[in-house]
Amino acid sequence: MNDAPIDHHDALWPRAVRQVRGRRLAPRLATLEGRTVAQLWDYLFRGDEAFAILEEALRARFPGVRFVGWREIGNTHGSDEREMIAALPARLKAMGVDAAISAMAA
Amino acid sequence: MLRASAVCEAVGIPTSSLVTEGFVRQAKATAVGLGLPHVGLAMIPGHPAVQDEATFRRHLLETTLPQVVANLTAALADGEADAEPGARDVVCSGGFEEINRVFVEREWSDGLPVVPPTRARVEAFLREVHRDPDEVLGTLLPDNRAATVWSVAVNGVMAGCRPETMPVLVALVEAMADPAYGVEHSGNTPGGETLIVLNGPIVKDLGFNFTQGVMRDGFQPNTTVGRFWRLALRNLAGFLPHKTDKATFGNTWRVVVAENEDALATIGWPPHCVDLGFAAGEDVVGIARYTGGGMASSMAGSTPEALLPYLADGLVRHTFWQITFSVGLGYGKLRPLVLMTPIIAETIARAGWSKDDVKRFLFEHARMPAWQFERLLRDWTRKPIWNLAEEARAGRIPAELYAASDDPQRLVPIVWAPEHIHLVVTGDPLRTSGYVFGQNGQLGFPVGRRIRRPAHRTPPAAAAAVKED
Numbered sequence: 000m001n002d003a004p005i006d007h008h009d010a011l012w013p014r015a016v017r018q019v020r021g022r023r024l025a026p027r028l029a030t031l032e033g034r035t036v037a038q039l040w041d042y043l044f045r046g047d048e049a050f051a052i053l054e055e056a057l058r059a060r061f062p063g064v065r066f067v068g069w070r071e072i073g074n075t076h077g078s079d080e081r082e083m084i085a086a087l088p089a090r091l092k093a094m095g096v097d098a099a100i101s102a103m104a105a
Numbered sequence: 000m001l002r003a004s005a006v007c008e009a010v011g012i013p014t015s016s017l018v019t020e021g022f023v024r025q026a027k028a029t030a031v032g033l034g035l036p037h038v039g040l041a042m043i044p045g046h047p048a049v050q051d052e053a054t055f056r057r058h059l060l061e062t063t064l065p066q067v068v069a070n071l072t073a074a075l076a077d078g079e080a081d082a083e084p085g086a087r088d089v090v091c092s093g094g095f096e097e098i099n100r101v102f103v104e105r106e107w108s109d110g111l112p113v114v115p116p117t118r119a120r121v122e123a124f125l126r127e128v129h130r131d132p133d134e135v136l137g138t139l140l141p142d143n144r145a146a147t148v149w150s151v152a153v154n155g156v157m158a159g160c161r162p163e164t165m166p167v168l169v170a171l172v173e174a175m176a177d178p179a180y181g182v183e184h185s186g187n188t189p190g191g192e193t194l195i196v197l198n199g200p201i202v203k204d205l206g207f208n209f210t211q212g213v214m215r216d217g218f219q220p221n222t223t224v225g226r227f228w229r230l231a232l233r234n235l236a237g238f239l240p241h242k243t244d245k246a247t248f249g250n251t252w253r254v255v256v257a258e259n260e261d262a263l264a265t266i267g268w269p270p271h272c273v274d275l276g277f278a279a280g281e282d283v284v285g286i287a288r289y290t291g292g293g294m295a296s297s298m299a300g301s302t303p304e305a306l307l308p309y310l311a312d313g314l315v316r317h318t319f320w321q322i323t324f325s326v327g328l329g330y331g332k333l334r335p336l337v338l339m340t341p342i343i344a345e346t347i348a349r350a351g352w353s354k355d356d357v358k359r360f361l362f363e364h365a366r367m368p369a370w371q372f373e374r375l376l377r378d379w380t381r382k383p384i385w386n387l388a389e390e391a392r393a394g395r396i397p398a399e400l401y402a403a404s405d406d407p408q409r410l411v412p413i414v415w416a417p418e419h420i421h422l423v424v425t426g427d428p429l430r431t432s433g434y435v436f437g438q439n440g441q442l443g444f445p446v447g448r449r450i451r452r453p454a455h456r457t458p459p460a461a462a463a464a465v466k467e468d
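Chains as they are written, first to last, in numbering that gives the first Met the number 0: chain V, 0 to 105; chain Y, 0 to 468.
Don't read these hints as lab results, they were simulated from the structure. Cβ coordinates follow ideal geometry from the N, Cα and C atoms, glycine included. Take these hints with a grain of salt, some might be off.
[Claimed, not checked] Some chain Y residues judged to face chain V by a derived CB distance under 10 Å, without partners named:
| id | residue |
| --- | --- |
| 1 | V68 |
| 2 | T72 |
| 3 | E83 |
| 4 | M157 |
[To be verified] Which bits of chain Y does chain V cover? Going by a derived footprint, with three or more residues having C-beta under 8 Å, they are:
| id | stretch |
| --- | --- |
| 5 | 96 to 110 |
| 6 | 121 to 130 |
[What the hints assert, rightly or not] A few chain V positions that, by computed beta-carbon distances, are all more than 10 Å from chain Y:
| id | residue |
| --- | --- |
| 7 | G33 |
| 8 | P62 |
| 9 | G63 |
| 10 | R65 |
| 11 | F66 |
| 12 | G68 |
| 13 | E71 |
Next up, chain V with everything else stripped away, as it sits in the complex (with noise of 0.2 Å):
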């Protein structure tokens, strides 16, 4: 008779169950020309500026198109992060918002 232990196992999947698989985008605009475009920034990495550089550039090329600034949208990750996401959509769409830009990082 053998008395060694049976080393066999039957491992169990250990991870938790996604809840999102896929959502739709938005439909993208055909151009910028006469869109109002939000600045969405969480005050990281030289966002400020880099949004001055883009807006400069993006009115060159579009020159109808219009900006809400980060300042008047205020910090999307502060101490109120969830709350002021949570939010967001209803501001943009009171603002008129047509598109954003996120920044800075992930």
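Chain V is fixed; fit chain Y onto it per the hints.
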């Protein structure tokens, strides 16, 4: 910042997310968890923090700008995450070594050997909580995974926990899911690591170390429950190094720190769990993310006034960039932690000082010159928009604390109120030391959860404490 982009996309506002080169992998992995694997990203080469203005500008105009325009105006493919196994699926069969090889390969393990999570082992854990195995304790970012009692048990087995610690593990994941804690930030740049503080009769009942070497591995419940925490971040929330976890250096997981409630009882100080909103005598887990810490070693003095300056000094030394959680990225959200040994607490209490008195002293003495605070806040974080006087004028910070004068040498506090400094009595009872932790503000804010033990494990004292509230 992809969470902001995701809510915009959901209401029909197209987005482009600016991502520095080092964050592209994280952004792609995070986007999958948000259900938007093809969300528009516009990369900035290198890192802006070390680029001169000309280089930064050139990168933005040559690389980033075309991607921004394309993200907003060109069609992007919808997509979805790859299919995965079911919650109760057996994903690997074989010997111990084979199981561990596969678990490492599929990023389900922290690299140490795991106990193979078999159904029999998982069911032993489930018997220690009278809860539905499918009960969802919370949905956790970045992967948007629903952490269940079952999935907690699986990871508890893997970590080498004993089954009777299962109620602690469940309470930990409930705390992890608390929005105030902010689990979604667990992969951020500073790489702060969570410290679990345990209170209540369960400390002794399950044999947690609460004396000498309390932060050292080698005590099974402290060590394995600490390890469970990081496995849960990996498998239940989805934090994977080189992907969703972007800690610059990182820390390894910390073992559980249990408070010495015997020492507290002798001096009449309330336990840490009271600071988190629970009653003394309850079984409670507290969590918060700390960025690092250090010893105030071998303090000397027979009065509070002689002993506490060591800790006030330590609080300032371990709070530098973290000051941005008091003013800046957060407002009044910094919660540094002080550990002190029982003999230090007893010496202070002998002078008639309460725990609140200690916090008041630390609040009044853990201060730095305003110029230094502003240098940390503004100059060293490249934020042109912040200084104390302007923040006070805007009503965002208490003027009496931060803008009482315009003297740059005036001393300003690192936190807004005495109760923002947390205090735990633990460690070697007869050594005269303290330990100070810098904290990660709202990106790992202190929260607690009551531990619900099954009737056959609940001692009379703990049962009474729960019944009273």
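Right, here's what the structure says about each hint:
1. V68: 7 Å, holds
2. T72: The hint holds - T72 of chain Y has a Cβ within 10 Å of chain V, the shortest such distance being about 5 Å.
3. E83: 6 Å, holds
4. M157: 6 Å, holds
5. 96 to 110: Since 4 is at least three, the answer is holds.
6. 121 to 130: violated (count 1)
7. G33: Non-interface label on G33 of chain V holds, nearest chain Y Cβ at 13 Å vs cutoff 10 Å.
8. P62: Answer for P62 of chain V: holds, closest chain Y Cβ roughly 14 Å.
9. G63: 14 Å, holds
10. R65: With a cut-off of 10 Å, R65 of chain V remains clear of chain Y, as the shortest Cβ separation is near 14 Å.
11. F66: Holds, since 13 Å exceeds 10 Å.
12. G68: 12 Å, holds
13. E71: 13 Å, holds
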